[in-house]
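S.K.: Protein chains in written order, with the UniProt record's numbering: chain P, 1 to 74; chain U, 1 to 403; chain R, 1 to 364.
Everything labelled a hint here was simulated from the structure, so no lab data went into it.
Hints are supplied without guarantee of correctness; some may be wrong.
What the hints assert, rightly or not - Under the rule of at most 25 angstroms between Cα atoms (straight-line distance), these lysine-lysine pairs were calculated in the PhoX-like manner:
hint : chain 1 : residue 1 : chain 2 : residue 2
1    : R       : 184       : U       : 96
2    : P       : 25        : R       : 321
3    : U       : 96        : U       : 149
4    : U       : 362       : R       : 184
5    : U       : 276       : U       : 149
Unchecked claim - Here are the simulated distance ranges between beta carbons:
hint : chain 1 : residue 1 : chain 2 : residue 2 : range
6    : U       : 96        : R       : 180       : 46 to 52 angstroms
7    : P       : 8         : U       : 96        : 35 to 41 angstroms
8    : R       : 208       : U       : 274       : 57 to 63 angstroms
Ideal placement from N, C-alpha and C gives every residue a C-beta, glycine not left out.
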Amino acid sequence: MPWTTIAIVWGTIGVYGLVNQSWKKHTRHDKLLIFSLLGLSLLLSVCLGINPKLPGLTEGVNALLSPFKSWLTP
Amino acid sequence: MNRFRTHVFLCCLCFLSMVQLTGCWDRMEVNDIAIIVGAGIDQASTNQVKLSAEIYIPEENNSESQSGGGVTTNSGNGKTFVSSATGSSMAEAMYKLQERLSRKLYWGHNDIFVFGQKRAEKGIQDDLDFILRYVRMRERANVYVAEGKAFDILGIIPKLEPNSMEALSELSKTEISTTVDLKQVVQQIVETPDESFSIPYINRGTLVTDKKHNRNPNVSYFQGVSLFKKTKMIGSLNTDVTWGYFWMTNNIKGNTIIALDMPHHETIAILLTGSKTTLTPRITADGKWIMKVKVRSEGNLLQNTSAIDFMSPKQHAEMVKLANEEVKFSITNTMRILQKKYKVDVVQFGDEFRKKYPKQWKKVKPNWSTAFQQVQLELDVMVDIPRPGFLNKSIVQMKDVSK
Amino acid sequence: MVQGRISAFQLSILMFQLILSSSVLLMPSISTALSGKDMWMTPILSSALGFFTIWMVLKIHEISPNGSFLELLETTCGRWVGKCFSLAFILFQIHIVAITIRDYGEFIVTNFFLKTPVQVIIGAMLLLCAWVVKSGIEVMARTGQIFIPVITLCTLVICILLIPELDPTEILPIFERGAAPIAKGTVVVAGWFCQLSLILFILPLVKDVKEVRKWGYLAVTGIMLMMLIANLTAFLLMGESTAFFNYPLLTASRYIAYAEFFEHVEAVVMMVWVLGEFFKISFYYYAICKGLEETCRVSKPEALVLPVCVLLFTSTFWLAKDFQTVGDFIAVSGTLYILAGNLIFPLCIFFVARMKLRFKMNQT
Numbered sequence: 001m002p003w004t005t006i007a008i009v010w011g012t013i014g015v016y017g018l019v020n021q022s023w024k025k026h027t028r029h030d031k032l033l034i035f036s037l038l039g040l041s042l043l044l045s046v047c048l049g050i051n052p053k054l055p056g057l058t059e060g061v062n063a064l065l066s067p068f069k070s071w072l073t074p
Numbered sequence: 001m002n003r004f005r006t007h008v009f010l011c012c013l014c015f016l017s018m019v020q021l022t023g024c025w026d027r028m029e030v031n032d033i034a035i036i037v038g039a040g041i042d043q044a045s046t047n048q049v050k051l052s053a054e055i056y057i058p059e060e061n062n063s064e065s066q067s068g069g070g071v072t073t074n075s076g077n078g079k080t081f082v083s084s085a086t087g088s089s090m091a092e093a094m095y096k097l098q099e100r101l102s103r104k105l106y107w108g109h110n111d112i113f114v115f116g117q118k119r120a121e122k123g124i125q126d127d128l129d130f131i132l133r134y135v136r137m138r139e140r141a142n143v144y145v146a147e148g149k150a151f152d153i154l155g156i157i158p159k160l161e162p163n164s165m166e167a168l169s170e171l172s173k174t175e176i177s178t179t180v181d182l183k184q185v186v187q188q189i190v191e192t193p194d195e196s197f198s199i200p201y202i203n204r205g206t207l208v209t210d211k212k213h214n215r216n217p218n219v220s221y222f223q224g225v226s227l228f229k230k231t232k233m234i235g236s237l238n239t240d241v242t243w244g245y246f247w248m249t250n251n252i253k254g255n256t257i258i259a260l261d262m263p264h265h266e267t268i269a270i271l272l273t274g275s276k277t278t279l280t281p282r283i284t285a286d287g288k289w290i291m292k293v294k295v296r297s298e299g300n301l302l303q304n305t306s307a308i309d310f311m312s313p314k315q316h317a318e319m320v321k322l323a324n325e326e327v328k329f330s331i332t333n334t335m336r337i338l339q340k341k342y343k344v345d346v347v348q349f350g351d352e353f354r355k356k357y358p359k360q361w362k363k364v365k366p367n368w369s370t371a372f373q374q375v376q377l378e379l380d381v382m383v384d385i386p387r388p389g390f391l392n393k394s395i396v397q398m399k400d401v402s403k
Numbered sequence: 001m002v003q004g005r006i007s008a009f010q011l012s013i014l015m016f017q018l019i020l021s022s023s024v025l026l027m028p029s030i031s032t033a034l035s036g037k038d039m040w041m042t043p044i045l046s047s048a049l050g051f052f053t054i055w056m057v058l059k060i061h062e063i064s065p066n067g068s069f070l071e072l073l074e075t076t077c078g079r080w081v082g083k084c085f086s087l088a089f090i091l092f093q094i095h096i097v098a099i100t101i102r103d104y105g106e107f108i109v110t111n112f113f114l115k116t117p118v119q120v121i122i123g124a125m126l127l128l129c130a131w132v133v134k135s136g137i138e139v140m141a142r143t144g145q146i147f148i149p150v151i152t153l154c155t156l157v158i159c160i161l162l163i164p165e166l167d168p169t170e171i172l173p174i175f176e177r178g179a180a181p182i183a184k185g186t187v188v189v190a191g192w193f194c195q196l197s198l199i200l201f202i203l204p205l206v207k208d209v210k211e212v213r214k215w216g217y218l219a220v221t222g223i224m225l226m227m228l229i230a231n232l233t234a235f236l237l238m239g240e241s242t243a244f245f246n247y248p249l250l251t252a253s254r255y256i257a258y259a260e261f262f263e264h265v266e267a268v269v270m271m272v273w274v275l276g277e278f279f280k281i282s283f284y285y286y287a288i289c290k291g292l293e294e295t296c297r298v299s300k301p302e303a304l305v306l307p308v309c310v311l312l313f314t315s316t317f318w319l320a321k322d323f324q325t326v327g328d329f330i331a332v333s334g335t336l337y338i339l340a341g342n343l344i345f346p347l348c349i350f351f352v353a354r355m356k357l358r359f360k361m362n363q364t
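The following block holds chain P by itself, in its conformation from the complex:
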């Protein structure tokens, strides 16, 4: 993904978080979960920005299931 897209998306999220401050009212437990999800997404975005051809889950599963591929090819 191009850096401009990542910047726009995360910028929008940041502005939204600043404008709509209802997230501050949640419990500590909830806030932890919210921010860990957001942190995970941020990490993935940054990795995608550095390497647009980042191998994903699909490649992992593909590699795992490669011995069974011949079952379903036409």
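Starting from the structure of chain P, add chains U and R where the hints point.
M.R.: This is chains U and R only, laid out in the frame that chain P set:
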């Protein structure tokens, strides 16, 4: 404070969605596009393709009359112009064509593709890939092969129709030709072993009228079908032989006229109102492949200058027999040409055998063009002539009665 | 995320659209490539797996504490191992929905909006789904009640308009290539039917669970009929060349032309696709939020909706190197993957839980 923030947020959201609704990136205004109404693909020098596009010129609407009695001009009668460009492939040719036009080429209304003869003989599969893959094309577009250059065909401004696309489309709906669209071509390529199909063959010629009565009387007309094998044109059937082809493929439409050859220059002509052909394959016990062709047709007597009396049942039966013989001869002639001369199965025999005898078909499939030559025909033709028109006796017989 | 409750009938409508959204458009091509002329049999045969999935889901619901599959995981496998399994199951669903969203985006960008960045299209859809999910399952179900009949009607109208162009003899000869290609096609289509096990997340919210059996079976029958109609329309129109078009129903709808003015019906296909995918993606989205809420014991589920939106957006692009890998995946190993996750995993948990229960009963 919270309500104010919500209002600000909602305003920002409305503004954002207004920007989105115009579809910024992909907007296409009507006066930004050049509408293509016909495309011609010719062979330029070796390995070069010439793409010609007939582009519609939108007419200025002059009916903004203050009096209110203005006649609105039918925008379908706009003129067209033909522009062409050459490239190493059709895609590159399109790109070069776009360079010369101030508006973006729009293929969404294109209904005809005309291939030049040389291009068809070289093979059309490269062009077919482009046409089918490009998302803006339509699978319903009709395909034709032109004798000579497609560029000449596109340039014709016919007398009766606004542009050559309309003329060709209307002409192919009549009884003298058939429509073959892209979907059918792709289907034949996938389903027949030899990638064999047939496409109507058109030519540019002069309108059949005296040059004194019409200036520039050029028109495109049909002269049979061209035969393709492995997406290359291998030959064509002329108009007479094409009748047999239409009988075989159930393409005979109403208004077809059968003229019977009679001795002493007499004529019997029948105007068909409908026809149905069914193909039934059969493999005999000793391995002979036979195709039974059953034709059931009905028509009215159009012209009779022979001695055969229509109203007498015995002679009527003889007339029917003569008509049957004519159709049988037409079919056998065509099949002989297809089997022996061109060795190509454009009459879907392979498909019929595949549906009924899949196991035997599987064995024969790799050598179908050889096996096709051995298929024998069994004809069962019945052309019924129920009505004689207005006259009950022919002109020839009327002279006899007055004596 | 307002915790509403829905009826079995509403759940069945959502199930109906959940499976049909992507299969009506993508399936004819894949099943023709695998099964050839017998591709029309594949929905009929794999609907057996649809019925089995409904039966299995209801059986699991019976023995789950509070009707929740994730709590069953915790009681069966112990607290922390169960939570790990729950998170893995949720991650599996995130993977599947990411493929769906990417598919949606690629379809729109390839066929209609060639120049628009795919991020805009996917972002817009996800924001809309976030809104629906935040409003709750009841809102989603009622929206479904309004729009899903419209989607079904439009698809049927396209199929009916094509009837004059269809050639019924294309199906012959039947069983041309034998049973093995049909079996392969059936397994791939079963990969779609087994997505019904997603309702494991939603069953605790259903008011009249006893009716789910009847309505579920009706939904599976409806799905089978619609698949059959769509498959037959595409195949009888285009023959075996169906395998070579990416979106056969879109190609078929472009073929409609009546009296030279009723043309260009592919806009209807786009509408059907966008609406259908909206329901599929929001259903998955809701299930993921609900799953995370139960696993991590979140007190206020509304908090999760937008972070999950961002996570889904990012994972749509993290999915694979490029879309060709995804396409290749869907056709082959993807089927086995989705069957393993949606069918075999819950089945194993069910058997283990049943054995544990019997063991306990034998002891007391």
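S.K.: Which numbered hints are broken by the structure, listed smallest first?
M.R.: 1, 2 and 5
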